[in-house]
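Q: Please build the complete structure, drawing on both the sequences and the hints.
There are 2 protein chains.
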Amino acid sequence: MLRARPKGRPKATDVELVDVVVGAPDAGHVRVENLVMSVEPYMRGRMGGEATYAEPYPIGEPMLAPTVGRVTASADDTVPVGALVLHERGWREHALVPASECRIVAHDDLPPVVHLGLLGIPGMTAWIGAERIARIETGDVVFVSSAAGAVGSTVVQIAKLRGATVIASAGSREKAALARDLGADIAFDYHDGRVTDLLRDALAQVGASGLDVYFDNVGGDHLEAAIRVINDHARIALCGMISIYNAETPLPGPSNLIKLIWRRARMEGFLLRDHLDARGEFEAQMATWIRMGAIRPVHTEFAGGVAGAWDAFLGMLDGTATGKAVVPLGTLGAGTHGGNDSLDKEANR
Amino acid sequence: MLRARPKGRPKATDVELVDVVVGAPDAGHVRVENLVMSVEPYMRGRMGGEATYAEPYPIGEPMLAPTVGRVTASADDTVPVGALVLHERGWREHALVPASECRIVAHDDLPPVVHLGLLGIPGMTAWIGAERIARIETGDVVFVSSAAGAVGSTVVQIAKLRGATVIASAGSREKAALARDLGADIAFDYHDGRVTDLLRDALAQVGASGLDVYFDNVGGDHLEAAIRVINDHARIALCGMISIYNAETPLPGPSNLIKLIWRRARMEGFLLRDHLDARGEFEAQMATWIRMGAIRPVHTEFAGGVAGAWDAFLGMLDGTATGKAVVPLGTLGAGTHGGNDSLDKEANR
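Chains Z and C, in that order, are what the protein sequence lines are. Oh and the first sequence: position 105 is 105 in full-length UniProt numbering, straight run, nothing missing. Oh and the second sequence: position 37 is 37 in full-length UniProt numbering, straight run, nothing missing.
Since the hints were made in silico from the structure, they are not lab data. Fair warning: this is a prediction, and the values are worked out from it, not measured in the lab. Some hints could be false.
[To be verified] Straight line, CA to CA, 25 Å or less: simulated BS3-like cross-link-like pairs of lysine-lysine:
no., chain 1, residue 1, chain 2, residue 2
1, Z, K259, C, K7
2, Z, K7, C, K7
3, C, K259, Z, K259
A: Shown next, in the form of structure tokens:
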């Protein structure tokens, strides 16, 4: 449960692990045994009190997280017992969920984690950003930051499938190596120098004069460095700015925005919620790519079950994860809190 | 003639006024008596040596400027003597111009200055920015900076014709009053406070919660203030950043670009050169508006003819002009340099 709104880096005392009774579902609800939950950067924003693009999580309630689970009791005809569902009531082992907030997953033969990753929010975010916002085409030179992250690792692979040349930035040599494994033509660890210099070197190595697309997951110096080398009619898809999520005072923005005029470039922010009409098209395309082996799932499983989820969240913020950061829960979680019999158990308060 | 590349604010010694013989046109050329020339902010960039979006003006040659003149001698069948033409060889009273670089103006019953203003670069820039980039629609709340300038004063009027609510920023009380005369619902002098506060007050006065469109002619604090109050799916058309043209070191950019993500907003730079296909549509629409009296030409005529053109350019950069800044030349110029008989006269060097 969220107990306090974090200032700067979140602390363990901002949340509390509690035992509660999870009873039978009321009419129109189902009970779900959660199998795996997601931890994502945007959660940091929703823990804060300032309204950003989503409602803050209320104090004194369990937080939300995209979660895949199996329905164990149902009081709604549309979501039967045994169904594999995606819902938002994570950060707990068992959840009572309105049936209207459950989505029975398509392609339920794929591993549960795929529904949080490639077929979930980060996968669809990558796809919308690449296809609808940046509109990556054959021959484009594409720069992707946070390229070993859940979104970035998918963008790298989509861009290669689309016939682009891909330059990747990541936060360690291991992550840069992963980006190369996923198909990036060049990948660097941004700790190895100024991003501007690393990017110029990378462009020289691929024989390109500039960028047609920058897929921005971090903001800050990456964004300024990218703007410095955009080609005419470049597209910058603003997906995230993890570099500033923990900043307590505003950081100055790029000093070279005038290049957006000289290069007639477009910079556009986007959120998945505006593109839900594309879900069917996206799922069909992505599931095909996964089954073909054309796109590889990349994820990090944090151990400890629900008791370990907070550390998993902090680890994800600190960049220790590659690909989608997930926490197996319940019978899938190594350190299950209370085990299956916590269901219907008396609260120890 | 350009003699030196300006550092910071341009100086009189950066240019030199010289007398030269203008002879008969070679084959494929015409001789034009210039009637009126334009001074524009982008010229500052082309005087500098750094490649921006246009070639620098060469040192030791006359600079270029959009100019309207009457053909006085022709060695090309396509451009006859007597034609009113638009060309780039301004900063001089008579010019030899390749016929291929002359455009015979449509709507030549309108005053010559209109072909440099509403029907010229600034008018078409305003129209492209409003119609193709910002896509202003009925009901939009539109913020325009430099609203008494050549582009801004036209955007204000187009936005009102499209049914938008218009908030205008200008550089003096007189200019703000002009913007209100042109139809702006609210107009402020940005010297009267912080732009952020002035803009918030303006929004409150028109009963709006935020901006759907910001048409940016200045960059800097105006851009940051506008981003602070954008609505979902806002469009920011980047047209110019006059606030930084004279800066010798880069100024920090807006610190709140992350709002482009939260608000799913688009920020896009543009240059007229990519939209020349629209000229016919634009001219027909704008000429109709002018003849209907729906859009009013706004311009400042600087005196002194070609000898006064440099001071006119500096005055325009300093913001002393309202609307399109022009310099009448030759028989139209008050202080004609050498008069008509400078044609074919020996150079006094």
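Q: None of the hints should be skipped; say for each whether it holds.
A: Structure-based check of all given hints:
no.: 1; hint: Z:K259 to C:K7; result: holds, 20 Å
no.: 2; hint: Z:K7 to C:K7; result: violated, 45 Å
no.: 3; hint: C:K259 to Z:K259; result: holds, 20 Å
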